Each structure stands twice: as structure tokens, then as C-alpha cells.
Amino acid sequence: MKNKIALTLRIVIGAVFLFSAYTKFISPGLTEIILVDHGIVSTRETAAIIVRLLIGFEFALGILLILPYSLKTIVIPAAILFLIIFTGYLAYTGFILKDTQNCGCFGEMIKMSPLESIMKNIVLIAVLILLFKFTNEKKKHFVTPTVVVLCIASVFVFLPVNSQKEFKFANYTNFESEGRVDLSRDEKLLVILNLECDHCQILAKELSEIKNQTNKLPKLYALLFKEGNVTVDSFEKMTKFNFPYHMIDMNEFLNLIGQTPPRIYWLKNGKVKEIWDEDFQKKILQNFPDR
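Its first residue numbered 1, the sequence shown is counted upward by one per residue in the working numbering.
Keep in mind the hints are simulated off the structure, nothing from the lab. All values derive from a computational prediction rather than experimental measurement. Treat the hints loosely; a few may be bogus.
Straight-line Cα separation of at most 30 Å, DSS-like style, residue types lysine-lysine; simulated pairs [stated by the list, open to error]: (1) 168 with 226; (2) 205 with 237; (3) 237 with 165; (4) 98 with 111; (5) 165 with 273; (6) 72 with 120; (7) 271 with 168; (8) 133 with 188.
Simulated restraints on C-beta separations [what the hints assert, rightly or not]: (9) 228 with 161: 41 to 47 Å; (10) 161 with 115: 29 to 35 Å; (11) 289 with 146: 45 to 51 Å; (12) 8 with 95: 48 to 54 Å; (13) 161 with 67: 44 to 50 Å; (14) 187 with 41: 58 to 64 Å; (15) 232 with 115: 28 to 34 Å.
We put the beta carbon where it would ideally sit given N, CA and C, even for glycine.
Work out the full structure, taking the sequences as your base and the hints as a guide.
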């Protein structure tokens, strides 16, 4: 009975670590942005290396907890130490930095605040301590470093570090109503609007209508420039435009538009696929047929 309980706990906790690693693996950019936002590192490239090491180590812990080797001498203590370190980090971000956004522990799949994740970690630590008492040791110490090295190496192979230096929107990582956003991931539309511009107001209305009537659009974000009396609230009421937005200054605005605003950038996996300065509805209908 004791062995069955221990095996069940190992599988459950191992699955949690594997799931945590997987959710970061499919959306590493969010965790990279969090590390930069918190001042842990200064560049996305450095953050990307740290995140891949983290993902690989989590994958390794998940596998090693399910395997029966070196559990009491290496694996369970390492898992507990790992959770204690990250609980301390979460306490720092939640209580000192006052960050209540998604902590990224489960990527974008399950959004948790630092406090919620701290509670989750405390439960996992308690279960690991219980598991430590129930576990019988099988010593094959070579298995542990082998799994760790293979997992970390595999993550770097299947999730290579890509430079963000050529991506002109890498610095836009926080949007009102959504929080942290990785524009370099998947397919997105980024619209550049001047709140005072009549053409921008017309486009905003069109985009709102398309969003309400169809499911054609990929996720859409806006960079907004304010130069006159029109506020974001009045712009939203006037156009029914309720997409996540980030405010930009005049220099940014002028660098991102063509001859005149508005402009839409079609982004795909960190690349600018197309730029549209006119015939917006026609191009959206052509490129995003009803799905």
C-alpha cells in the first residue's frame, strides 16, 4: 500500500512538472518578458537562455520523479529546493514589486498570480515531503545527470534561441486590458492609430465590426498615439474599438506609419509578413477567410 501511494504521488507531481515545462515550451516569450520586466536580465536573448535552461530542468524533474532512481538522495530534495527558490522569487515579485499579472508558471495556458502560484508551490512542497517519507531508494546516480543533460540539450535543439534585435516590435510587451503580450509568437495583427485621425477612426469601427460579426481576425493589438483632445475612452465609445492597446509617442508613431495613418502590420512568428496602408477590409477578407 505504501509503495502504491508513493508511486501515485510521484506520477502526479511528475506530471505537474512536465505540464509546467510544456506550457513554457509552447510560449517561452511570456516568461522571457517577465524576466526582463522584473529586471532579472536586461535582454530577451539572455532571458531566452535562462528560460530554456528552466524548461529543460523542469522536464528533467518531471521524468526523474516518475523514475525510481536516486529519489531521496537527489531528485526529491532538488525538486523541493527548486520550488523554494521560485517561491521566494514569486514572493519578491508579488509583495515587493507588486506584480499581480500572470506569473508565467504555467505559461499562457493557465494564468496565475504570484500569490496563487505561491500557494500551489506550498502544496507541492508538502506533497514532496510526504513522498520523501514513503519512498524507497534505488541508487543509480548516473541516471539523474544523464536525464538532466538530455532534457536541457533537447530543449535548445527544438526551441532554439532567436534574436529579437531584428523584430521592430520587441519592446512592446504590455498592453492595456491584457497585460504582458509576446508579439513575436504566432500570428497577430498590429494596427497603428492616431486617436484624432478620421481615417483611423473609420478603420477602428471596421475592425470592431469584423470582430463582432466573424471569427476571421487573428489576435489584434493596437499602438495608439494621442495628440489632440480625443481620449482613449472617447475613441472607444465613438468607434466601439476594444482591442488591447499600448500608447506610443510621436517619434514612435511617425516611425511606424507610412505617408499617412492608419497602418496595419501582419505579424507571424516574429516577422512582419505584410504591411497594409489601404484597402484594409479587402485585405483582411482575402487573407483571413471565415474559419
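Does the structure break any of the earlier hints, and which numbers would those be? 3, 8, 12, 13, 14
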